[in-house]
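Below are the chains, spelled out letter by letter.
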Amino acid sequence: MTALVPLVVLVPLLGAALTLVAGRRPQPQRVIAIGALVIELVIGIVLLIHVDQVEPLVMEVGGWQAPFGIVLVVDRLAALMIVVSAIVLLAVLVFSVGQGLADGDEETPVSIYNPTYLILTTGVMIAFIAGDLFNLYVGFEILLVSSYVLITLGGTESRIRAGVTYVVVSLLSSLLFLASIAMIYGALGTVTIAQIAQRIGEIPVDVQILLHVMLLVAFGIKAAVFPLSFWLPDSYPTAPAPVTAAFAGLLTKIGVYAIIRVETVIFPGPELNPALMVLALLTMVVGALGAVAQADIKRILSFTLVSHIGYMILGVALGTVEGTAAAIFYIVHHIVVQTTLFLAAGLIEREAGSTSITRIGGLLASAPLVAALFFIPALNLGGIPPFSGFLGKLGLFQAAAQQGDALAYALIGAGALVSLLTLYALVRVWNLAFWRSADAVEGDESRLLRSVEEAPLNTSTVSGARTTPRLMTLSTAGMVAVGLALTVFAGPVYGVASRAGENLDGPGAYIQLVFPGSSEGAELE
Amino acid sequence: MLVLLALFGIAALLLAPLTRALTNRVFLVAALVPLGAFGHALVVGPGILSGGPLVERAAWVPQLQLTLDLVMDPLSWVMTLVVTGVGALVLLYCAAYFRSDSEGIGRFAATLTAFAGAMYGLVLSEDVFLLFVFWELTSVLSYLLIGHYQGRRASRGAALQALITTTLGGLVMLVGLVLLAQQAGSASIPVIIAAAPEGALTTTAIILVLVGALSKSAILPFHFWLPGAMAAPTPVSAYLHAAAMVKAGVYLIARFAPAFAETPSWREILVVLGLATMILGGWVALRQTDLKLLLAYGTVSQLGLLVVITGWGTRDAALAALALLVAHALFKSTLFLVVGIIDHGAGTRDLRALSGLGRRAPVLAAIAALALASMAGLPPLFGFVAKEAVLHALLVDALGGADLAAIAVAGVVAGSALTAAYSIRFFWGAFATKGGVDDVEDLDHVGPGFLLAPAVLAVAGLALGPLAALADAGVAPSADGLPAGVAPSAPSAPSGSGEVYHLALWHGPTLELGLSLLAILAGVAIFLAREPIARLHARVHSPVSASELYWDVVGGVDRLAVRVTSLTQRGSLPFYLGVILVVFVAGTGATLLIGSSGPGEVRLWDTPAQVAIAVIMVASAVAATRAQKRFTAVLVVGVTGFGMSALFSIMGAPDLAITQILVELVTLIAFVLVLRRLPAQLGDRHGSTRKGLRALIAVAVGATMGVIALVAAGARTEAPISLAWPELAYEIGHGRNTVNVALVDLRAWDTLGELAVVIAAATGVASLLFIRGRDDALPRPARGLVRRRVEQRLDRVREQGRPGELRNAWILAGPSLDPRNRSILLEVVVRLTFHATVVVSIYLLFAGHNLPGGGFAGGLVAGLALVGRYLAGGRYELGAAAPVGAGAVLGTGMLLAASTAAMPLMLGADALTSAFVETELPVLGHVEFVTSTIFDVGVYLVVVGLVLDVLRSLGAEVDRQADPVERAIAAAGSAPAAVSPPAAAGPQSEGRA
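Sequence order for the protein chains is A and B. With the first letter of the first sequence counted as 1, position 487 gets the number 487 in this note's numbering; the numbers rise by one all the way through. With the first letter of the second sequence counted as 1, position 294 gets the number 294 in this note's numbering; the numbers rise by one all the way through.
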């Protein structure tokens, strides 16, 4: 069973290699890419069941014992993330095949979309199973480069501009992360996460906090935590729809994932929790206000993405088992729903020729299926019951109420407010793009748009509407179904999240996993 | 009950498809489900009333205390009868209300049925969170129903307004429920009621819950959404806004009153807001000319009354509240349905335009009269019975000395007078024959099917009056067990002692009866004085319209959002970077300042050379920021790189130094290739503004980073793991070159990842350069044409390579170059060194395990060999030197590396485990081979692939794009395929070659 651990990374990597060798033939490319992700999903599911029911898995790569070699760890959290990511990546790939994005490139010396997409997958997976801080950095590097390639796909001016913002900010984040690793190695002489956790108590508390802050800044950029989040809405929306969908679903969550590891294993102390809670609050509120100020659906969604990162940080910042569990469930929910909505936005763009709610209308009549595929995840993101967004929010509120201090109550209030603002922003889309008839768009002076029209960066073009390939609709519908399944089977999923949260109650369990029988692990508990 | 709930859901899903076959008869099918639920409730009723509630449980998310627990106790039972009964009748009514060709009726039927299901679930939920689930579902479904006429902007706006208002309340309530469940230790309503926690937190929680209840039930200050919601089709108003959704808040208050009526401020809030709502609603109703709006404000008014009596919290009050709730559902639904019929038939709901309808439609008028009489509180209708009970419950406490009760009584009487007045106004407005108004044309649409639902509801209201004892049997069990009164001196008659109040038509000549009479008389008087009151209305215009206030708030939020967003989203990369760096400096700086740890032992340098190198690096870094030309910037940045490699070699890492130098070389070449196409000068926007601030941030970051390094290193307590590496590398990894063993064995997993980075980077370069025709928004241009042109051109190149012209053929593609661009010297050097360089690169690859070198360095050297060929001979020479695709090289390299990682797994070992083979071979002698070398070959290939790709993209492709011939071809290619090839351009410019 342990053999499956590295395969999580090797399968997409081999897939990428094969698609490169396959050259410019679209058919084998598609088969290889989709095949690799299907295998990935199966591996992920087997791992999740095994890890949840039997035991977590650890592999020391090359047989080199930790801390000298690199250790890979699949615990419940990692396995859960692998499965959700595989689902999302597969759905987005199918969507891109439908859109025709994955084909062609006859003029280029290497085929582009499929290999890069699979390399992105590799990076995601490396990050999830890394038991080594430097290896986590490698995962981030892969994500950075491959996502830059995908974000600038097609090389239009707006995409290059967005790509520059994206790549420079990401490089800065990487630089800070690398510097943090250097400092941690300087202080502790190791990069194995479990050993860092063992040794961290030996150095003075202020140095601990110093290293902690450095890591949080680096990961905070990735996760788009206020005020390190401004780059995101300027980078994501211009990319091709499926690319944005995958990014929105996954990339920021990897930052949050890293923050969870930092907060639970490396620096489990409560020193920075209040600061994180304040940042969570600001992330939520500023992000949600940003969403309200937008007229373009993709931009709205980029802001809700930032905003809801605040929910996850809130859960982590509570520093309790319940908080972590709720954050984990919320991550799973948000990966699925945010991806689904961006895919739906892709469908809207295809049907209406634009995603600006000042320009489009009548979609309920012209594309009722797209309407359903937008409405359900929109309610879900808005936290309307019975959907998973509500369940995640309920979990977070309960965890915060358990904490029971003023800051926690303020966060509950902000969480409720943000939920309302999210709903408002999305339902406004429904009112205008779906309900309002297409004829009424011209010259409509809706009160809902009065302020939005003054907002900056709300330019968008309307191109001709085209028919939507069935594959695009199908994969979006599949994602909606996954979201509904998360609602119906919330019990078992939340169960895994809860148990994952218990595993992460302090570094003891993690240290035991990597160094079985180590006394230091036991001491720290 | 769970089955019925599921049936509602399934029905909602099936109704839309069914509509295609059934058209408007689909409503008859839809009505079956609530009818079934109604029947089920009737059957189980006796059992529930005589004691045992009906309980069904199912798990959902136990971790969140969210369970599918449904309980039908007496209160739920009554609510179930109301929501399912009225629901079934309204759905029946819809079949007549909508024509068979009405737009969107499938969607409407599905939504309305789903709504009935949500209400059914709401009144049965035992778990507060489950209740909230249904609560919010009703909000969303009501949004869809109100916005049914999606083409009308008013309709859309009202729907959004209702959703936002009720969801706002809902979210506040959710927070309250979370706190309440936290305090009570359970989310189950019976447990919460039994625990009845107290304290400031509970009070807060309860008030938050009340906010939700009041917003849902359209109580001041949330009342405005209800009149707006009249944009919905009339059946929606009859169901949602009379019987069901607006009662949810009242229901919730009724649920919690037994435990929390004594919570501080509970009663005050409910009585004050309830009375204000009742009187304001009644007053505004008198002004309305639209019958539906009149009813809407009437509903607001009645909801106020309901809230007052429901929240009172005594046994008699609870009894009265439930009776009034039932009565209200019956008469108000009837009246809305009647309005629907009038609107349908007469084409207007304006009471100024309606005249003579009473004579035209006597049955309709009779139905309306029954309902109105009940609303006004006339005997012998059920409304009268209920109002008597209300007055009684409040009077008991008022006479007992409770001031609040006395105020409540006065308010209720005043409100009732207004109710009576607008009831009369409705009848007069709808049915009277008015002078000066033409009589309404005949209402031939009104068939028995249309009249059935209102008739049944109205007759039920009539029958329950005389049958008050029966109603009492149904309603009383939910009230029994509550305290008899709240006033200190109230008669503390325990329930069951024979003294308790029961619903009845006739209690004797009581004070309640007198007050009822007073209210009705006053109502008549108000109606008769309608002329002066209309003048008063005109003058006393409400200073603030709550609905306008809502729009102001929404607009304010919008403006705030725009302002905040334009503050943060500047669209400026330097701003974003600055913020990040400032956060970094602030965060770490604060920690450094507060903390007590200082730097450890500082050794400034090992050799003075380091200082010199550092000075050079710093100087060139500063110079890079001040460079005016791109090329200068690239060069000085290169200097920092070479400085780095010098540091590496001083520190005893020759591999790193070699690799770093090679990387710098390749980077420099790539830059030079790119710079050919860019303006030489850097643009103005680089560094022109706020230079000082930027310099400050830069220095601060650098300084902070330096201090952190010192502090972190100073805190070290344990030896770093790398001290063990050389020994591990030799003993286990069989390599004396620790760096190489680390790369291909110890930390090969990292290298594997970095290979992926390299491949992605190579792909990215290609992606950005080969963008012709790749925009997915455009149709592909005539590709065949492009290819033909290229081939023609290549043929020409081959012709020029005829033996007769081979004089200067040091390299293959030399003749293809413009003679003016050729350098024979370069061609000769490349010719002589190419193969040697490739051999060196292979040597580096294999020697790397024990000596400086390795796959990375080897690959770069091989790449440099290719660079030489390209520089000397251009893109055709490159093609000749590397006839394979870059993708294939990259892919093969990665396949080798990844397979090396995967192979051990099949043998049961950990990934990337290396094997050591030692053997004596003839000729070669003793040979040692470590399988990690195969991995290194993969590295080598990937690096070669990267360089090849960079050359093809930044070199060859840029050449091609700049080539006038190719431009002409591209222009032809992007034009429609039908255009004839521009034959002229090619040969002419080709002639130079």
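Keep in mind the hints are simulated off the structure, nothing from the lab. For every residue, glycine included, the Cβ atom is placed at its ideal position computed from N, Cα and C. Accuracy of the hints is not assured; some may be wrong.
[To be verified] Label pairs and their in silico Cβ distance ranges:
(1) A:GLN27 to B:ARG57: 50 to 58 Å
(2) B:LEU593 to A:GLY269: 16 to 24 Å
(3) B:LEU710 to A:PRO274: 50 to 58 Å
(4) B:ALA6 to A:PRO274: 41 to 49 Å
(5) A:GLY269 to B:TYR730: 52 to 60 Å
(6) A:VAL46 to B:SER596: 34 to 42 Å
(7) A:VAL46 to B:LEU693: 49 to 57 Å
(8) A:ALA275 to B:ARG677: 44 to 52 Å
(9) B:HIS537 to A:ALA275: 55 to 63 Å
(10) A:VAL168 to B:THR204: 44 to 52 Å
(11) A:ALA440 to B:ALA680: 25 to 33 Å
Consistency of the hints with the structure:
no.: 1; hint: A:GLN27 to B:ARG57: 50 to 58 Å; in the structure: holds, 53 Å
no.: 2; hint: B:LEU593 to A:GLY269: 16 to 24 Å; in the structure: holds, 20 Å
no.: 3; hint: B:LEU710 to A:PRO274: 50 to 58 Å; in the structure: violated, 28 Å
no.: 4; hint: B:ALA6 to A:PRO274: 41 to 49 Å; in the structure: holds, 46 Å
no.: 5; hint: A:GLY269 to B:TYR730: 52 to 60 Å; in the structure: violated, 40 Å
no.: 6; hint: A:VAL46 to B:SER596: 34 to 42 Å; in the structure: violated, 51 Å
no.: 7; hint: A:VAL46 to B:LEU693: 49 to 57 Å; in the structure: holds, 54 Å
no.: 8; hint: A:ALA275 to B:ARG677: 44 to 52 Å; in the structure: holds, 47 Å
no.: 9; hint: B:HIS537 to A:ALA275: 55 to 63 Å; in the structure: holds, 57 Å
no.: 10; hint: A:VAL168 to B:THR204: 44 to 52 Å; in the structure: holds, 47 Å
no.: 11; hint: A:ALA440 to B:ALA680: 25 to 33 Å; in the structure: violated, 53 Å
In terms of the numbered hints stated before, the structure departs from hints 3, 5, 6, 11, listed from lowest to highest.
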